[in-house]
Each structure stands twice: as C-alpha cells, then as structure tokens.
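K.L.:
Sequence:
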Amino acid sequence: MEHIIAESSLDAPLSLAEEKRTSKAIDEALLKSGSYWLRSFVSRDRMRIIAEFEGGDVTAVEAAYREAGLDLNRVWLAQVQTLESVKAD
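Numbering (my numbering), first residue to last: 27 to 115.
Because the hints were derived from the structure by calculation, they are not lab data.
You may find that some hints are simply not true.
To be verified - Simulated restraints, written as ranges between beta carbons of each label pair:
{"hint": "1", "residue 1": "E33", "residue 2": "T108", "range": "18 to 24 Å"}
{"hint": "2", "residue 1": "E78", "residue 2": "V112", "range": "16 to 22 Å"}
{"hint": "3", "residue 1": "L64", "residue 2": "N99", "range": "29 to 35 Å"}
{"hint": "4", "residue 1": "A114", "residue 2": "P39", "range": "23 to 29 Å"}
{"hint": "5", "residue 1": "S41", "residue 2": "K113", "range": "36 to 42 Å"}
{"hint": "6", "residue 1": "K46", "residue 2": "E110", "range": "29 to 35 Å"}
{"hint": "7", "residue 1": "V68", "residue 2": "H29", "range": "15 to 21 Å"}
{"hint": "8", "residue 1": "S35", "residue 2": "G82", "range": "22 to 28 Å"}
Idealized CB from N, CA, C, for every residue including glycine.
Please build the complete structure, drawing on both the sequences and the hints.
P.N.:
Rendered as structure tokens:
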C-alpha cells in the first residue's frame with residue numbers, strides 16, 4: 027500500500043458541517059478502491075487541508091475528492107519518515 031498526500035486550499039473556511047459531509051463522501055468513495063484515510067492537518071483558519079491516505083494509487087484519492095465535490099491542489103505519493111526511521115539510517 028502507498029501513502030498518498032492530498033493538499034487542498036479553500037476559498038472560505040471549511041465549516042464543521044461541510045467537513046463531516048465531505049469526509050463521509052471521501053471515505054465512502056475510497057472504500058470502493060480499498061483505500062482509506064489516515065489523518066488530516068487542518069490550518070487554524072480552516073482554509074487549508076493536508077490529508078494522508080493509504081491506498082493503491084493517487085487515482086482513487088483524486089476520484090474520491092471529485093465525488094465529494096472538494097477541490098484538490100495536489101496529490102502525491104509519499105514516503106513516511108519518523109524520528110526512529112531517520113535515527114536508524
């Protein structure tokens with residue numbers, strides 16, 4: 027499984043209701059491809075989001091965002107680095 031990062035910038039702050047709606051829609055769409063959400067980072071002004079997913083490829087994440095009606099700035103494959111993995115090198 028690949029780690030996939032999705033970056034979004036919004037024109038207006040994301041409301042809690044809209045966050046719940048889009049999260050549910052993305053989760054349901056991702057289930058079809060065997061991919062799933064791991065975590066998100068939401069800016070304090072709620073106008074930028076970076077989300078991490080695990081799945082087969084970026085295509086499933088792109089399709090899930092389109093289905094949820096949420097804009098994507100970028101989506102890319104990532105390597106996970108942790109303090110432990112960096113120290114081990």
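K.L.:
None of the hints should be skipped; say for each whether it holds.
P.N.:
Hint check:
| no. | hint | result |
| --- | --- | --- |
| 1 | E33 with T108: 18 to 24 Å | holds, 21 Å |
| 2 | E78 with V112: 16 to 22 Å | holds, 18 Å |
| 3 | L64 with N99: 29 to 35 Å | violated, 19 Å |
| 4 | A114 with P39: 23 to 29 Å | violated, 40 Å |
| 5 | S41 with K113: 36 to 42 Å | holds, 41 Å |
| 6 | K46 with E110: 29 to 35 Å | holds, 34 Å |
| 7 | V68 with H29: 15 to 21 Å | holds, 19 Å |
| 8 | S35 with G82: 22 to 28 Å | holds, 26 Å |
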